[in-house]
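K.L.:
Those protein sequences? They're chains A and B, same order as listed.
Here the numbering used here is used: position 273 in the first sequence is 261, and no number is missing along the way.
Count along the second sequence from 1, then add 1; that gives the number in the numbering used here.
Calculated directly from the structure, the hints in this document are not laboratory data.
Worth double-checking, as some hints may not be accurate.
[Claimed, not checked] Label-pair ranges, simulated between beta-carbon atoms:
| id | chain 1 | residue 1 | chain 2 | residue 2 | range |
| --- | --- | --- | --- | --- | --- |
| 1 | A | D100 | B | A271 | 48 to 54 angstroms |
| 2 | A | E314 | B | E326 | 44 to 50 angstroms |
| 3 | A | P(-5) | B | R392 | 36 to 42 angstroms |
| 4 | B | P273 | A | Q274 | 27 to 33 angstroms |
| 5 | A | S3 | B | L80 | 35 to 41 angstroms |
| 6 | B | H185 | A | D(-6) | 46 to 52 angstroms |
| 7 | B | L80 | A | D23 | 55 to 61 angstroms |
| 8 | B | E124 | A | Q274 | 52 to 58 angstroms |
[Claimed, not checked] Partial chain B-side listing against chain A, Cβ under 10 angstroms, derived:
| id | residue |
| --- | --- |
| 9 | L80 |
| 10 | L83 |
| 11 | L149 |
| 12 | L289 |
| 13 | A295 |
| 14 | G303 |
| 15 | Q305 |
| 16 | V307 |
| 17 | A320 |
| 18 | E376 |
| 19 | T380 |
| 20 | I381 |
| 21 | G388 |
C-beta: ideal position from N, C-alpha, C; glycine also.
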Amino acid sequence: MLFEFDPDQRLWQGSVREVVAKECPPALVRAVADDGADTVALWKVYAGLGWTELTDPAEAVELAIVLEELGRATDPTPYLATMTQFAPLAPGAGEPERTGAAVLDGVTARRDGRGWVLEGTARHVLDGDRADRLAVVTGEGVFVVDAAEVTATRAAVFDPVLHVADVAFGGVRVGQEQRTGADPGRARHIALAGMAMTMVGACRRILDLTLEHVRTRHQFGAPIGSFQAVQHKAADMHVAVERAKALAYFAALTIAADDPRRRVAAAMAKAAAGECQSLVVRHGLQLFGAMGFTWENDLQFALKRALAGEQLLGGAAEHRALIAKECHAVEL
Amino acid sequence: MQLSFDAEVEDFRAEFAAFLDEHLPPAAEADRASQSSSDVPEWARRWQRLQFDHGWLLPGNPPEYGGRDATLVQQYVHLLELSRRRIYHSFNPQGVGIVAASLLSFGTEEQKRRWAVPILRAEITASLGMSEPGAGSDLASLRTRAVLDGDHFVVNGQKVWTSGAHDADVLLTFVRTDPDAPKHKGISVLLIPTATPGVTRRPFASIIGSHDVDFNEVFFEDVRVPAANLVGPLNEGWRVANGSLGHERTLLWLSFGERLDEFIRDFEPAGPLDEDAYATAVLDAYALRLLGSAALAQAARGEQDVAGLSVLKLLGSEAAQRALERALSSAGPDGLAHPALTAPYTHLQSETMLGSWFERYARSFAGTIAGGTSEIQRTIVAERVLGLPRR
Ligand SMILES: Cc1cc2nc3c(=O)[nH]c(=O)nc-3n(C[C@H](O)[C@H](O)[C@H](O)COP(=O)(O)OP(=O)(O)OC[C@H]3O[C@@H](n4cnc5c(N)ncnc54)[C@H](O)[C@@H]3O)c2cc1C
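The following block holds chain A by itself, in its conformation from the complex (with noise of 0.2 angstroms):
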C-alpha cells in the first residue's frame, strides 16, 4: 500500500486548517472555558461549509483530515459526538444541521404493543446534554430520540470544554419510523477511528506548543531546546505523534474503503493514540515547567482534550488486548 494523501486530499486540509485558524482560534476556546461562551455560531460555520454533511462512510479520511484540525484546536462544538457517534448509527437521518449524540449503553428496550419503551440511565454521553437528537443503541435495535424526550445532566469533568451527560429514559416511547437498522460494531470502528484522530489532533497542537516554547524560553544562557535532554524528548513526541497519526488515517481508509481490516485498525488508532496521549502529555507538561501549570497557559485544553480521549471508548490497554487476539500476521 502507499500512504499519502493525494493533492485533492492535501488541498481540503489546507482549507480546513484555514477555517479553523479564523473560526475556532484559541481565544475562543479560552472564552468558552472562562466564560461559557456560545458555540452555536461556530456550529452553523461548520453547517455552512458542509462539514456535517461528511457522513458517508467513503469520506472517511476527509472527514479525518477535519477531525485532526478540530482535535488540535480543542473544538468547543458538538462536531466529535455527532458526525463520529450519532450520524454512523443514525444513517439517513438527515438535516446535517442539526447535532447528534450516541447512547451506547446503559438503555434497555421493551416492546410495547407497535412500539418500543426506553428506559435507563446511561453515562458519560459525549455531548448527551446539548444535542439535537440521539442515537440510542439497545438490545432491540438502534433508535433515534429527540433530546426533548430525556432529561440530561452535564457533568463537571476536568477538560472545560468537553460536554458529557448522563442521559436518563424514563418511560420514552419510539416506534419503527425511529428504527435506524444501523450496524452498532461498524458505527464504534468510526467512533474509534475518530476518537484517535482528535487526540492525534490534540498531539499534535501539544507537540507545536511545546517546541514554541523550548525555542523562546532561555536557561543557563541557551534556549531550552539547545538541551539535548529537552531535544530527545521533543524527537520522542514527534515518533509518537507520528506513528498514530499514520494508523489513525489507516483506520480511516479501511473505513472509507470498507475493508475488512476495518475493526482491528480502529482499534489499533485508539491504542496508538492513547499510548501517544501519554508521551506527549508527560513531556509535553514537563518542558514546559511551572508555566505549564497554569490555569492561564493554553497548553491546558490540548492536554485535557488528549487525556479524555483516553477515557472514551476504551483506554490503549483494552484495544490491545483485542489486537493481541485478533492479529497473528502483518500484511500490508
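Go by the hints and put chain B with the ligand onto chain A.
P.N.:
For chain B with the ligand alone, coordinates are given in the frame of chain A:
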C-alpha cells in the same frame, strides 16, 4: 491514499514471485551457511548471480548492473516479497547494499566494471571501513591517513567494527587526505583490496558468542593503493559517506519491519503481559509500514526527506528491541538456552536472525547502534525535523 498497489506494480510483483518460484535454490544445494557479512557460500553466489543476470538483484539498477530500471515503488514491493518469504537479500549485505551502490553513484566507468559488477555478481565480496577506534558517531573525526605518492596512495591507520572484513576481497575505506582542512572537508574514499601488503585483519567475536565472528579490526601499514582506486573526487569523501548511508537508509526501515514481523510470527504470547507487548509490536509494525510507504511515495516524487528517515529508524529499531526483550523475558529459564533455535533454519534466511531470543534481542542493538545511534537520530529529528536550535 490507497490500500493496495496499482496493477502495474502488482504485475511487477507477480513477475518476481514467478521468478522466485522457478529459481529459488533448493535446501539440498545449500551445503554450508554463511559465517560472516562477507562470507558468501558457493551456492549463494550462484543464486545472487542468477538474480543479477535476470535483473532481480537490485531492480532499480539498469540491466548491466543487475536491475531493470524499476521505479522506487517497484523496488519496494521487490523487498516486500523477499521479506514476506523470509529470503535474505544478499549474504554480503554491505557489499551489495552500500559498497557497490557507492561505486555506481560515485565511481568511474572502469571502477564500476572492475569492482561494482563483480561485487553484485558475487564474484568478490566487499566490506565497509568507516568506523575507527576514535571515530564512531563522530565519523568525520576519522584519522586513517592516505598520502599521495606518485600514482599511489600510502595508507596508514586503523578501522574497527569492519563487519566481515576477514572474508572480504575489498574494503571501501574512508581515509583522511587533507589533515589541514576542516574535518568534513579532508576525507576521501579508497577501494582497498584486502590482499594488498600491509593490510592486517584481526577478526573478533561479538557479544552473541565466541563462535560469532564478524567484527574486525583492520590495520593499514604503508599500504600502497593505486590512485585509480579513489572513489569520487579527492577530499569529497563526506559526500560519498552521506550517499552510501543514504542508499542504506531509504529502505533500511524495512529491515526493522522484518524483525518485527518475525517476532509477530514466532512469538506465542502467554498471558496478558505478553499479549500487551505483542499488540504493541503489531502497532509498531503497521505504523512503520505506513510511515515507510509514505516516505517512499515522497521520495518517488523526488522529494526525499533524509532527516525524516531518522523517525523510521528510531521507531523501527527501538520497537524491535522492545518486542524482543519481551520475548526473551517471557521465555523464562528456557530463554537461557543458547544458541537453541526458536525457529527452523532455512538456508535462504539470515541465520543470525533466527537464533535464540537472547540472540535476537542482543542483535537488536545493532539496529539502535550501527548506522547512527538512537541518540544521534533523536538529535537529527529535533534539530532537522523539528527545527530546534543547535548547541
Ligand atoms: C553490529 C554492528 C556492525 C557494525 N558494522 C560496521 C561496519 O561494517 N563498518 C563500519 O565502519 N562500522 C560498523 N559498525 C560501527 C558503527 O557504525 C558504530 O558503532 C556507530 O557509528 C557508533 O559508534 P560507536 O560504536 O563508536 O559509539 P559512540 O559514538 O562512542 O557512542 C557511544 C554512546 O554515546 C552516545 N553518543 C555519542 N555521541 C553522542 C552525541 N553527540 N549526543 C548524544 N549521545 C552521543 C551514542 O549514542 C552511544 O549511546 C558496526 C556496529 C555494530 C554494532
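K.L.:
All the hints need checking, so say for each whether the structure fits it.
P.N.:
Cross-check of the supplied hints:
One distance hint, 48 to 54 angstroms for the beta-carbon pair D100 (chain A) and A271 (chain B), holds here, with the actual separation near 50 angstroms. Range check, E314 (chain A) to E326 (chain B): about 24 angstroms between beta-carbon atoms, so the 44 to 50 angstroms window is missed. The supplied range of 36 to 42 angstroms is met by P(-5) (chain A) and R392 (chain B), whose beta-carbon atoms lie about 39 angstroms from each other. Between P273 (chain B) and Q274 (chain A) the C-beta distance comes to about 29 angstroms, which sits within the given range of 27 to 33 angstroms.
Distance hint for S3 (chain A) and L80 (chain B): a CB-CB separation of about 37 angstroms, consistent with the stated range 35 to 41 angstroms. The supplied range of 46 to 52 angstroms is broken by H185 (chain B) and D(-6) (chain A), whose beta-carbon atoms lie about 39 angstroms from each other. For the hinted restraint 55 to 61 angstroms between L80 (chain B) and D23 (chain A), the CB-CB distance of approximately 57 angstroms keeps it satisfied. The given range of 52 to 58 angstroms is respected by E124 (chain B) and Q274 (chain A), whose C-beta atoms sit roughly 56 angstroms from each other.
Annotation: interface hint on L80 (chain B) violated; nearest CB of chain A at approximately 13 angstroms, more than 10 angstroms. A least Cβ separation of about 15 angstroms between L83 (chain B) and chain A goes past the 10 angstroms threshold, and the interface hint is therefore violated. Violation of the interface hint for L149 (chain B) is found here, the shortest Cβ-Cβ separation to chain A being roughly 40 angstroms, above the 10 angstroms cut-off. Contact between L289 (chain B) and chain A, as hinted, is supported at the beta carbon level, the nearest pair being about 8 angstroms apart and thus within 10 angstroms.
Interface restraint check for A295 (chain B): the shortest CB-CB distance to chain A comes to about 5 angstroms, inside 10 angstroms, so the restraint holds. Interface restraint check: G303 (chain B) against chain A, minimum CB-CB distance 14 angstroms, threshold 10 angstroms, status violated. The criterion of a C-beta within 10 angstroms of any C-beta in chain A is not met by Q305 (chain B), whose closest approach is roughly 13 angstroms, and the hint is violated. Evaluation of the V307 (chain B) hint against chain A yields a violated restraint, the C-beta minimum of about 15 angstroms exceeding 10 angstroms.
Taking 10 angstroms as the C-beta contact cut-off toward chain A, the hint placing A320 (chain B) at the interface holds, the least distance being around 9 angstroms. Annotation: E376 (chain B) was flagged as interfacial toward chain A, and the flag holds, the nearest CB pair being 7 angstroms apart, inside 10 angstroms. With a least beta-carbon distance of about 6 angstroms to chain A, the hint placing T380 (chain B) at the interface is held under the 10 angstroms criterion. Taken as an interface hint, I381 (chain B) checks out: its beta carbon lies about 8 angstroms from the nearest beta carbon of chain A, inside 10 angstroms.
The closest approach between the C-beta of G388 (chain B) and any C-beta of chain A is roughly 8 angstroms, which is under the 10 angstroms cut-off, so the hint is satisfied.
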